[in-house]
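If you read the sequences in order, they're chains A and B. Everything in the first sequence is counted per the numbering used here, starting at 1 for the first residue and increasing by one. Everything in the second sequence is counted per the numbering used here, starting at 1 for the first residue and increasing by one.
Accuracy of the hints is not assured; some may be wrong.
Note that identical chains are pooled: a pair holds if it fits in a single copy or bridges any two copies.
[Stated by the list, open to error] Distance condition first, Cα-Cα at most 20 Å in a straight line; then the derived SDA-like pairs of lysine to any residue:
1. Lys4 x Ala20
2. Lys181 x Ala413
3. Lys401 x Val373
4. Lys55 x Pro8
5. Lys62 x Cys95
6. Lys384 x Asp13
7. Lys138 x Asp27
8. Lys384 x Arg30
9. Lys453 x Asp61
10. Lys79 x Gln93
11. Lys4 x Gln137
12. Lys79 x His89
13. Lys79 x Cys95
14. Lys384 x Leu280
15. Lys34 x Ile17
16. Lys429 x Glu446
17. Lys34 x Asn23
18. Lys62 x Asp72
19. Lys34 x Val130
20. Lys200 x Thr259
21. Lys268 x Val373
22. Lys213 x Ile452
23. Lys404 x Gln252
24. Lys384 x Thr285
For the record, the hints were derived by calculation from the structure and aren't laboratory data.
Protein chains: 2
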Amino acid sequence: MAQKPSIPKGTRDFSPIEMARRNYIFDTIREVFKLYGFKQIETPAMENLSTLMGKYGEEGDKLLFKILNSGDFLRGADKALVENDDYVHLTSQICEKGLRYDLTVPFARYVVQHRNELQFPFKRFQIQPVWRADRPQKGRYREFYQCDADIVGSDSLVNEIELLQLVDEVFSRLKINITIKLNNRKVLAGIAELIGAPEKIIDITVAIDKIDKIGIDNVNAELRERGLSDEAIVTLQPILAIDGSISERLEQLESLLATSEIGALGVKELREVVSGVEVLGLRATLDLDVSLARGLNYYTGTIIEVKAQDVVIGSITGGGRYDNLTGVFGLSGVSGVGISFGADRIYDVLNALDLYPDEAKDSTRVMFVNFGVAEAGTSMKMLKELRNAGIAAEIYPDAAKMKKQMGYADALAIPFVAIVGETEMTQNKMMLKNMVTGEQSLVSVEEAIEIIKK
Amino acid sequence: MAQKPSIPKGTRDFSPIEMARRNYIFDTIREVFKLYGFKQIETPAMENLSTLMGKYGEEGDKLLFKILNSGDFLRGADKALVENDDYVHLTSQICEKGLRYDLTVPFARYVVQHRNELQFPFKRFQIQPVWRADRPQKGRYREFYQCDADIVGSDSLVNEIELLQLVDEVFSRLKINITIKLNNRKVLAGIAELIGAPEKIIDITVAIDKIDKIGIDNVNAELRERGLSDEAIVTLQPILAIDGSISERLEQLESLLATSEIGALGVKELREVVSGVEVLGLRATLDLDVSLARGLNYYTGTIIEVKAQDVVIGSITGGGRYDNLTGVFGLSGVSGVGISFGADRIYDVLNALDLYPDEAKDSTRVMFVNFGVAEAGTSMKMLKELRNAGIAAEIYPDAAKMKKQMGYADALAIPFVAIVGETEMTQNKMMLKNMVTGEQSLVSVEEAIEIIKK
Chain A
1 MAQKPSIPKG TRDFSPIEMA RRNYIFDTIR EVFKLYGFKQ IETPAMENLS
51 TLMGKYGEEG DKLLFKILNS GDFLRGADKA LVENDDYVHL TSQICEKGLR
101 YDLTVPFARY VVQHRNELQF PFKRFQIQPV WRADRPQKGR YREFYQCDAD
151 IVGSDSLVNE IELLQLVDEV FSRLKINITI KLNNRKVLAG IAELIGAPEK
201 IIDITVAIDK IDKIGIDNVN AELRERGLSD EAIVTLQPIL AIDGSISERL
251 EQLESLLATS EIGALGVKEL REVVSGVEVL GLRATLDLDV SLARGLNYYT
301 GTIIEVKAQD VVIGSITGGG RYDNLTGVFG LSGVSGVGIS FGADRIYDVL
351 NALDLYPDEA KDSTRVMFVN FGVAEAGTSM KMLKELRNAG IAAEIYPDAA
401 KMKKQMGYAD ALAIPFVAIV GETEMTQNKM MLKNMVTGEQ SLVSVEEAIE
451 IIKK
Chain B
1 MAQKPSIPKG TRDFSPIEMA RRNYIFDTIR EVFKLYGFKQ IETPAMENLS
51 TLMGKYGEEG DKLLFKILNS GDFLRGADKA LVENDDYVHL TSQICEKGLR
101 YDLTVPFARY VVQHRNELQF PFKRFQIQPV WRADRPQKGR YREFYQCDAD
151 IVGSDSLVNE IELLQLVDEV FSRLKINITI KLNNRKVLAG IAELIGAPEK
201 IIDITVAIDK IDKIGIDNVN AELRERGLSD EAIVTLQPIL AIDGSISERL
251 EQLESLLATS EIGALGVKEL REVVSGVEVL GLRATLDLDV SLARGLNYYT
301 GTIIEVKAQD VVIGSITGGG RYDNLTGVFG LSGVSGVGIS FGADRIYDVL
351 NALDLYPDEA KDSTRVMFVN FGVAEAGTSM KMLKELRNAG IAAEIYPDAA
401 KMKKQMGYAD ALAIPFVAIV GETEMTQNKM MLKNMVTGEQ SLVSVEEAIE
451 IIKK
């Protein structure tokens, strides 16, 4: 009967130490979200498939986890689909619900569904897991958390400036040195206009993105392969070559895109955002990256991406402005801008740089040794007083061998052990042992509280 | 193209106000769990169906949400099952995973899978949603949170005493007056032994449970209907009639069950637990209830149930001792005791009694009015200083009409509004308005911090 238990591939158990570290990240992000006036919402793990399908492209539809209808799911299903092995159409007949794939589509659904209760601009944050039936690999999971903050119902660039400060504050608290890369979708549109190939904009950004890795010649070869005319490639060269400080690069970009109305607007927006955050002061390094696209079809203005400086890892945060979040659900004209923190990658960065504070260890502060019923009785009274003073404390539940009990305290890195034997009982005191220094002293509860709280 | 969006029945969106209230409950429980030395874990939303199936009875198997295998799920499935409408067997061929139904089975799986990394006794807590394909009705959802704390690997009654104190502390912090009902599975076994009908123990407890509602005569009639002999019913009468204080009732029970070894042991355990918590002092009312069973097949010792005193609602917390949590996964001899807080019911109690503290409202403290680029620039500098002082603050992102901006602050119950117009800019001050009293004064950032923090 006994099974050897395991969990589905791509999913994880989180042990107490991992939880303490993850909570440290989530708590930090949550606290900054609140400091910036964002309000938390939660949406169900399951959404109707009609809400999810078609929102993430054909590939995304395949990566949705679908939930089998309860009861006799075959009733009403077209059995000919089974005969024809048409599992795709059969799916839509036997599954009505799916697990959320990200927090953006559920948020858009939420905004439309609750629009009459909401106050716009609506500043929401959401920290919940999402699920993707992706092939699991190192750093890619089938269940992972997203931490999103969005402002919808306002097209002011003040929101971009706020979000960049928020990102700066989160990583400053986490002690991670970051570079924030900026771009603007309108600049990309301007470039496409300039070279007369608006339909090639994705090919262009994909190629440009590789400059550092493969060099300008290979990028140009790739652009040719992707069907760009020689003329277009020539026109693109000065854009690929822009250089210098952010303001120098903005200047070059401005003159290069002067003939494109949308391109010029993009440069103007970038300028406003950059000068806005620079006036307020940013600890992060700011960078302008015209190859930055991040899901181009989605963003319409500012595009943001964050990388850690001291460890090689993909982007740890990203976001941008979108003009039509809720259009697909029948509510148009809702512009917004948002940011998404990648908790798993941030976790990896903190691990790699060993940046967890002691508090993130989060353990019990004192353990009482258990010598039997009478001693445990006295210990539990003292225990209660320690807890009333806010000290996380426990008693070893069994009167096991001393060695075993001390081993438990040791393994859990509990910093103090309290010993209440016969002698201590008569004096109503405890022998308090510091597990790090080995020091011990006979103290009252009040004295113990003072020592432990120090 | 536009869809009218909705969410699956039995699921819920949580708005910012609901989130603040729920977080107040979860934070309170989490803090007390930690104070008592419990360590947090999390397990995946999806478990293998082989882990979940057969653990909750036949009915439970039906209530599991099953996840359709990715890709061509029909490959390898027996199509004859479709022809025969045998959806039950087909399910096991097209679904490998399901959503967790509770936190107990995943915890048992976790303990077995990670047993070599764990320190026993292992005190874990877990706060996560679970999913059940139940028929939705008032107060019953298809997605809801469980908050569980368990100690496994120790059969000491110290654990029971600790858990009862923990329950007392949680509800004391939440300001909910509670009654804790206690029973012991061994007492029930003793009663069954006494009346010579061990297989009737469930029928007996179900009937006894109705005494208050339907009276002793109807209970006896029901027992007869359920197949109890007249002799057995006669033997049961003194047990149904036990009365008085807890210690009086324990005494009566002791003499009634004196001939049953297991029954006597149950009474002894109850005595130890009751006197253990009474010595330490309990704010809750303690009650002995021999009809308390709570999933009898599962518990083997102490059984605990908590009810709110000031509002009529089902049990808001429950738990007990089990002897063989992990046997089904091949690890026997792991005894444990646990408690589960019903967050949704606690939420309903707090709402009914209006017991939420102001902090649970959790809103932004100050909003800066936006008069345009220059003023917003100065405002954002002040805003940054307020946030550096730990004050949750925001700026209205658009230079909208004053009325609209004030309406926003009002709707979100933001207690202070800061106005930085031309005059204020030149003085580097803000006009700070208290939205409750209507008072306003021209103050520096430092003064504002002091006023808002008061």
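Structure-based check of each hint:
no., hint, result
1, Lys4 x Ala20, "neither (28 Å within a copy, 41 Å between copies)"
2, Lys181 x Ala413, "neither (41 Å within a copy, 36 Å between copies)"
3, Lys401 x Val373, "within (14 Å within a copy, 71 Å between copies)"
4, Lys55 x Pro8, "between (26 Å within a copy, 18 Å between copies)"
5, Lys62 x Cys95, "both (13 Å within a copy, 16 Å between copies)"
6, Lys384 x Asp13, "neither (32 Å within a copy, 39 Å between copies)"
7, Lys138 x Asp27, "neither (25 Å within a copy, 33 Å between copies)"
8, Lys384 x Arg30, "between (31 Å within a copy, 17 Å between copies)"
9, Lys453 x Asp61, "neither (54 Å within a copy, 49 Å between copies)"
10, Lys79 x Gln93, "both (10 Å within a copy, 16 Å between copies)"
11, Lys4 x Gln137, "neither (23 Å within a copy, 37 Å between copies)"
12, Lys79 x His89, "both (11 Å within a copy, 16 Å between copies)"
13, Lys79 x Cys95, "both (15 Å within a copy, 18 Å between copies)"
14, Lys384 x Leu280, "between (49 Å within a copy, 8 Å between copies)"
15, Lys34 x Ile17, "between (26 Å within a copy, 13 Å between copies)"
16, Lys429 x Glu446, "within (10 Å within a copy, 47 Å between copies)"
17, Lys34 x Asn23, "both (16 Å within a copy, 13 Å between copies)"
18, Lys62 x Asp72, "between (24 Å within a copy, 10 Å between copies)"
19, Lys34 x Val130, "neither (22 Å within a copy, 27 Å between copies)"
20, Lys200 x Thr259, "within (19 Å within a copy, 89 Å between copies)"
21, Lys268 x Val373, "between (76 Å within a copy, 14 Å between copies)"
22, Lys213 x Ile452, "neither (54 Å within a copy, 52 Å between copies)"
23, Lys404 x Gln252, "neither (71 Å within a copy, 40 Å between copies)"
24, Lys384 x Thr285, "between (50 Å within a copy, 19 Å between copies)"
Checked against the numbered hints listed earlier, the structure breaks hints 1, 2, 6, 7, 9, 11, 19, 22, 23; every other hint is satisfied.
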